[in-house]
Amino acid sequence: MNNPRANAFDQESLDALNNAVSAAEANKDVRGLVLESAVDGFFSGGFNLSVFQQITHAEFMRLWSVSKAIFRRIHALPVPSVAAIDGHALGLGFVFAMACQFRYMVRPEDSQGPSAKRLVGLNEVTVGLPIPEWLALRFRDLTTPRTAEDLLASGAMLSASHAHEAGVVDRLFSSSTNMRAAIVADLSHRAMIPREAQTQTIALLRRDYLDRFDACNERDNRFFWDAVSSTSTQATIEKALAKLKAKKQK
62 MNNPRANAFD QESLDALNNA VSAAEANKDV RGLVLESAVD GFFSGGFNLS VFQQITHAEF
122 MRLWSVSKAI FRRIHALPVP SVAAIDGHAL GLGFVFAMAC QFRYMVRPED SQGPSAKRLV
182 GLNEVTVGLP IPEWLALRFR DLTTPRTAED LLASGAMLSA SHAHEAGVVD RLFSSSTNMR
242 AAIVADLSHR AMIPREAQTQ TIALLRRDYL DRFDACNERD NRFFWDAVSS TSTQATIEKA
302 LAKLKAKKQK
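Take any residue in the sequence shown, count from 1 to its spot, add 61: that is its number in our numbering.
I should point out that these hints are in silico values taken from the structure, not numbers from a laboratory.
The reader is advised that the hints may include incorrect statements.
[Stated by the list, open to error] Taking CB as the label site, the calculated pair distances span:
(1) 101 x 275: 33 to 39 Å
(2) 295 x 266: 36 to 42 Å
(3) 283 x 72: 29 to 35 Å
(4) 120 x 300: 32 to 38 Å
(5) 307 x 276: 29 to 35 Å
(6) 276 x 203: 16 to 22 Å
(7) 264 x 307: 35 to 41 Å
[As the list claims (entries may be wrong)] Below 27 Å or equal to it, Euclidean Cα-Cα: the simulated BS3-like pairs (lysine-lysine) are:
(8) 309 x 129
(9) 89 x 129
(10) 89 x 178
(11) 309 x 178
(12) 178 x 304
(13) 178 x 300
Quick caveat: nothing in here was measured; it's all calculated off a predicted structure.
Think of the CB as a built atom: it goes at the ideal place given N, C-alpha and C, for glycine as much as any other residue.
Whenever a hint applies, use it, and build me the whole structure from the sequences.
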């Protein structure tokens, strides 16, 4: 992902990512997928909130459908996938990280410079957006029901250490170099395992979740459209954008 300054997603960048994941999905020679950022300090800042301002139903459906398609494609890949997090991973950015089989992250206490501070999490509720059912289920699968309820309902942002303790980040590293070396080693090891046996096992273990994901699709579309288009959510988004604008002008 390379969309300065924060890898914030709009329709164009989502379409590009969807095409890239689709290409990996179709390539039978691919033995692993790594999702990472080329932007210093950010894995991804999530949705560009301005896309939701006065959005029409047709625009929303296109945006929301491709976002969910990316998540489902990554999670359904029959090969290992790793989110390499070296910077903030917020909102939709962390959603896509959660789609991966593994989340590796660089510890902020071991870094210097502008990307030293790193937070991850799902902060949608802070801008008036509820957590979708399929996403709440995935978060709960990674941690515990009690922890999921606490973190998702509060929109909490987690440090690398806290995210690791909660179970939503799998491994921590002292540098991006060490993280990438571990990813190469881990995916190389997995590539040595017979492909069919591995892919069939992965598909079996993910089947129940993907069935739940598909079952709530239409209900989720209606639920999230009602939330995004509500007067209160639009007002909250306006305030959040005004706050961001003022911050940039300082």
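Comparing the hints with the structure gives:
Evaluation of the 33 to 39 Å hint for residue 101 and residue 275 yields a pass: the beta carbon distance comes to about 37 Å. Between residue 295 and residue 266 the Cβ separation comes to about 40 Å, which falls inside the hinted range of 36 to 42 Å. As the Cβ distance of residue 283 to residue 72 is approximately 21 Å, the hint placing it in 29 to 35 Å is violated. A hinted range of 32 to 38 Å for the beta carbons of residue 120 and residue 300 is inconsistent with their spacing of about 21 Å.
Between residue 307 and residue 276, the C-beta spacing of about 43 Å breaks the proposed range 29 to 35 Å. Look at residue 276 against residue 203: about 20 Å separates their beta carbons, and that is inside 16 to 22 Å. In this structure the supplied range 35 to 41 Å is violated for residue 264 paired with residue 307, their Cβ-Cβ distance being about 48 Å. A distance of roughly 30 Å separates the Cα atoms of residue 309 and residue 129; the hinted pair therefore is violated under the 27 Å criterion.
The hinted pair formed by residue 89 and residue 129 meets the criterion: a straight-line CA distance of about 23 Å does not exceed 27 Å. About 38 Å separates the Cα atoms of residue 89 and residue 178, which puts this hinted pair outside 27 Å; it is violated. Proximity of residue 309 to residue 178 is assessed by CA-CA distance (about 18 Å); at most 27 Å being required, the pair is judged to hold. Using a Cα cut-off of 27 Å, the hinted pair residue 178 and residue 304 holds, with the two alpha carbons roughly 20 Å apart.
Only pairs whose Cα atoms come within 27 Å are accepted, and residue 178 paired with residue 300 is accepted, the gap being roughly 25 Å.
Hint check: violations occur at hints 3, 4, 5, 7, 8, 10; the rest are consistent with the structure.
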